[in-house]
Amino acid sequence: METKATPAFRKTTETFTPGARTLAQPYFVSTDVFVQEQERIFCTQWLCAGHQSQLAKSGDFFTQEVAGESLIIVRDRRGTIHGFYNVCRHRGTRMCEEQHGHFQAIQCPYHAWTYSLDGQLIGAPDMDTVEGFDKANHSLHAVGLALWEGFIFVNLAKGPTPLESVFAPLAGKFTHWNLPRLRSVKRVDYDVRANWKLIFQNYSECYHCPLVHPTLSKLTPYDAAENDLFEGPFLGGFMPITKGSSLTMSGNACALPVGDIKAEDHHRVFYYSIFPNLLLSLHPDYVMVHQLWPRSSDRTLIRCDWFFHPDAFDRPDFRPDDAIEFWDTTNKQDWRVCELSQQGIASRAYQPGPYSPRESIPAAWDREYLRVLGE
Amino acid sequence: METKATPAFRKTTETFTPGARTLAQPYFVSTDVFVQEQERIFCTQWLCAGHQSQLAKSGDFFTQEVAGESLIIVRDRRGTIHGFYNVCRHRGTRMCEEQHGHFQAIQCPYHAWTYSLDGQLIGAPDMDTVEGFDKANHSLHAVGLALWEGFIFVNLAKGPTPLESVFAPLAGKFTHWNLPRLRSVKRVDYDVRANWKLIFQNYSECYHCPLVHPTLSKLTPYDAAENDLFEGPFLGGFMPITKGSSLTMSGNACALPVGDIKAEDHHRVFYYSIFPNLLLSLHPDYVMVHQLWPRSSDRTLIRCDWFFHPDAFDRPDFRPDDAIEFWDTTNKQDWRVCELSQQGIASRAYQPGPYSPRESIPAAWDREYLRVLGE
Amino acid sequence: METKATPAFRKTTETFTPGARTLAQPYFVSTDVFVQEQERIFCTQWLCAGHQSQLAKSGDFFTQEVAGESLIIVRDRRGTIHGFYNVCRHRGTRMCEEQHGHFQAIQCPYHAWTYSLDGQLIGAPDMDTVEGFDKANHSLHAVGLALWEGFIFVNLAKGPTPLESVFAPLAGKFTHWNLPRLRSVKRVDYDVRANWKLIFQNYSECYHCPLVHPTLSKLTPYDAAENDLFEGPFLGGFMPITKGSSLTMSGNACALPVGDIKAEDHHRVFYYSIFPNLLLSLHPDYVMVHQLWPRSSDRTLIRCDWFFHPDAFDRPDFRPDDAIEFWDTTNKQDWRVCELSQQGIASRAYQPGPYSPRESIPAAWDREYLRVLGE
Chain Z
0 METKATPAFR KTTETFTPGA RTLAQPYFVS TDVFVQEQER IFCTQWLCAG HQSQLAKSGD
60 FFTQEVAGES LIIVRDRRGT IHGFYNVCRH RGTRMCEEQH GHFQAIQCPY HAWTYSLDGQ
120 LIGAPDMDTV EGFDKANHSL HAVGLALWEG FIFVNLAKGP TPLESVFAPL AGKFTHWNLP
180 RLRSVKRVDY DVRANWKLIF QNYSECYHCP LVHPTLSKLT PYDAAENDLF EGPFLGGFMP
240 ITKGSSLTMS GNACALPVGD IKAEDHHRVF YYSIFPNLLL SLHPDYVMVH QLWPRSSDRT
300 LIRCDWFFHP DAFDRPDFRP DDAIEFWDTT NKQDWRVCEL SQQGIASRAY QPGPYSPRES
360 IPAAWDREYL RVLGE
Chain R
0 METKATPAFR KTTETFTPGA RTLAQPYFVS TDVFVQEQER IFCTQWLCAG HQSQLAKSGD
60 FFTQEVAGES LIIVRDRRGT IHGFYNVCRH RGTRMCEEQH GHFQAIQCPY HAWTYSLDGQ
120 LIGAPDMDTV EGFDKANHSL HAVGLALWEG FIFVNLAKGP TPLESVFAPL AGKFTHWNLP
180 RLRSVKRVDY DVRANWKLIF QNYSECYHCP LVHPTLSKLT PYDAAENDLF EGPFLGGFMP
240 ITKGSSLTMS GNACALPVGD IKAEDHHRVF YYSIFPNLLL SLHPDYVMVH QLWPRSSDRT
300 LIRCDWFFHP DAFDRPDFRP DDAIEFWDTT NKQDWRVCEL SQQGIASRAY QPGPYSPRES
360 IPAAWDREYL RVLGE
Chain X
0 METKATPAFR KTTETFTPGA RTLAQPYFVS TDVFVQEQER IFCTQWLCAG HQSQLAKSGD
60 FFTQEVAGES LIIVRDRRGT IHGFYNVCRH RGTRMCEEQH GHFQAIQCPY HAWTYSLDGQ
120 LIGAPDMDTV EGFDKANHSL HAVGLALWEG FIFVNLAKGP TPLESVFAPL AGKFTHWNLP
180 RLRSVKRVDY DVRANWKLIF QNYSECYHCP LVHPTLSKLT PYDAAENDLF EGPFLGGFMP
240 ITKGSSLTMS GNACALPVGD IKAEDHHRVF YYSIFPNLLL SLHPDYVMVH QLWPRSSDRT
300 LIRCDWFFHP DAFDRPDFRP DDAIEFWDTT NKQDWRVCEL SQQGIASRAY QPGPYSPRES
360 IPAAWDREYL RVLGE
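Here the protein sequences line up with chains Z, R and X, keeping their order. So in numbering that gives the first Met the number 0 the end of the first sequence lands on 374, straight run, no missing numbers. So in numbering that gives the first Met the number 0 the end of the second sequence lands on 374, straight run, no missing numbers. So in numbering that gives the first Met the number 0 the end of the third sequence lands on 374, straight run, no missing numbers.
Some hints here could point you the wrong way.
Identical chains blur together in the list; that is why a pair holds if it fits in one copy or across any two.
As the list claims (entries may be wrong) - In silico lysine to any residue, SDA-like type, Cα no more than 20 Å apart, as pairs:
no. : residue 1 : residue 2
1   : K172      : L369
2   : K157      : S346
3   : K134      : A19
Quick caveat, the hints were computed from the structure, so don't treat them as lab data.
If we strip away everything but chain Z, and leave its shape as in the complex, we get (with noise of 0.2 Å):
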């Protein structure tokens, strides 16, 4: 894990597999490929969810909807958090409809069935006479929860790999950024009429900046991108930022730094996907962090979140707008080429088509998927 420290950064068109081309129609627009992927994918894999900051307290919790599952996520009354399907096991009614808040215990409106912070039933109206019938058989469902530097992933296997042994090759490699303090300011979700893959090969190029960024193009070039990370399930690297010294719409930082940032990586932004729903873009004084969410086989909820240090709040130099607004542009204009793909790549006429040099990140994210998929 040390050689994290000092990556070895390979230009992006080093790791160019001649002859690669993109997936296959079916993989964009098949309901069957859809449905083999919640299963052996958003089922099995740890999803990240949220960031510990959106449970300050105890009995915080928010709701988050996970291939197709509405679950609850709480911190418990010894600040432990939970994950539990937001199911109560008296008639199966859906329990919270919040999308935030803070419980005192959860308790089903329908039926009064009450449930503690940990998922224990502690009560159930006029079961007490039931022959047979015991509150210990009755706790919530819980689903596999587990943090990573402050990010809340879950998982809906049963006996999943623990998340320690998955990311372990990351270990030490974003300390810099001090990823557990941060909080968001600002969160936007998109409702993009787009596969989900087409995201990440969007943002696992700068192919496209020239004429999908010119406001992108002029801070940072688009051929400059230099990978540590280029084959498996966590890609990625840096690109330097050649004018101004973060992305934002002023060009200048807009907040303290997150962390204790090294001088070299002033000038820097670094990108990674994290298989299979998160994209972490880290500057020197923010964090922006996308979750994607399938909906369909053409549709996707991306969540995103702009992370700052907990200190640049309240001084007057912050101006998170400065950086919020220089994305939310950004990722608009990347939505609507990822719709324009999805939109032809239905065609009877697409053909899988040839990778660019440029494009060898998109292209190893391919491979993953389909070693992933077990295909």
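Add chains R and X to chain Z, keeping to what the hints say.
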């Protein structure tokens, strides 16, 4: 039948079957099950589609969608009520778009083929020269239609069991409420995103009343139901009104008594479910009637009428809004928890849960449903 | 072909086939049938997609959705009109979202791959270093395209029967109407909730005119159709205009004659259906053109244009609204009854009904449809 005059009421808890559980997930979410239900239940059983008071004069009609079919219900010149598929025998055109109105004859708006009020083809321009064409072979397609206590029932089956024999167990039971003479003062259609069975299960227990219906619970204690019909297609009984004299916003009666209500019933509300699509809620001063029309596995149209004695309408003490507002509020509280149940039951975490002793009628309803479905 | 100059018109009733009945229900409601139609008809036949006047200059283009495919129709530098799938050969992106406009070249907005107006790949950034990559192998995918009487026809089949031989039976028939020179003054898109075949069947008879079109029926008697094409892919004839001199709100001609109209045709309107997606309605002073684009078994996009002589546009007596309003009203009357037919035919009670003697052309259209469908 005479036993019905002095029914043997049983406390809900007496009929509890230990171990009864809610239905499995497919019954609520599967399109296959929905199609089976439409074929085996809604195309074979007698379904309440309205009340004879809606068709005061010969030529009066209304249309009703039944199991995906648009039907015309019309009173002919001799006073007989008929039900016809809303389909012209020429080119299959839906003839009537209005929800209700008055016909001289039934004329297709496309090519003017014209039918008498009893369905005979009486006009077909230019068809007289067609060899072998006989108007007598082109009558409207009729559906089974019969009256019970003034309500209009239809049956799409060929040769269904006569309504009188199906409803024989209820003979004389509702005479006191004067149902054939009542008239609806208000109709509300609710589009509910829940399986139709959840509506029955919700209607059939008051275990949910404390949390869901705070106002109702003040007038009628949730644990005081006494049922006289606890197995089969007809289920229910009464709940005492312990505060006030009817279920209204004011707590007062809002109209003349609907019939010759017995003294002991002046502070009771009777709730009966009539399999598979009717709910009868009989108060001293009004009768609320729900028709249930499943639209898909997760959507139900609920048509609710408030019926009053015809002599009540012109009296200064007639305040139907007092009842309408009470139940419109209560209905919406119910639909919300039904929709929450639909959402939760769709989860992979849902498992059939234990019915409480206060849910013996839902359990009985489930048994009857499974019997008719043939499982 | 010469016989077409003096067609042998037959009264509609002469061609009646006793016993002809409307098509069975699946032809109107089945998704399987719809898919078969798309494959066997809309992907094999020549389809009218517009008129050459829409592409006045080199570089002018419009896009058209055909059988679920977005096509780019563009005039190249030598004046030739081409049809291309709107799909970039790189990553499959839909390149053009505009409905019409002007290209210098066709450039994909994602990664700037660029094609000449005749479809050759002329720019692909960073691809020159890719071993084995040849621009010549990455031209846009073309579709069959041909002109008939100024109308642009496309064909998705590989190696389709040449348009000239398909349309040979119509050679010279429409010369008088000057179709290649006409220009559309107005386009209206109608989104009709009916199967596309119902539109043809509606267009092909005036049996419905008395009830559906009271205004039209005053100008042109419903029972006076005389057809000269009564079997095969091209069907129709004329109806006399017995009151006024054109089909307009005022009853007067609203523009210069479209061509060298014969004296006897100055009080006639000619209606022809061109299988499978074109309706031609030729009046002395204008030509109405309907393109039919099936969207699903129960939905059709109908694109309607009103064409006039180009010299008419700048004259003070040019009143195209007189014609547009007339037919817009009449069109909507037709679409309404088509939608009612769709609804009724979906009923389980629908059975094929008897065509009247005035519906010989719909019956002939059905025969041709079944022949092409291969049943």
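Hint check:
no.	hint	verdict
1	K172 with L369	neither (26 Å within a copy, 59 Å between copies)
2	K157 with S346	between (39 Å within a copy, 16 Å between copies)
3	K134 with A19	between (57 Å within a copy, 16 Å between copies)
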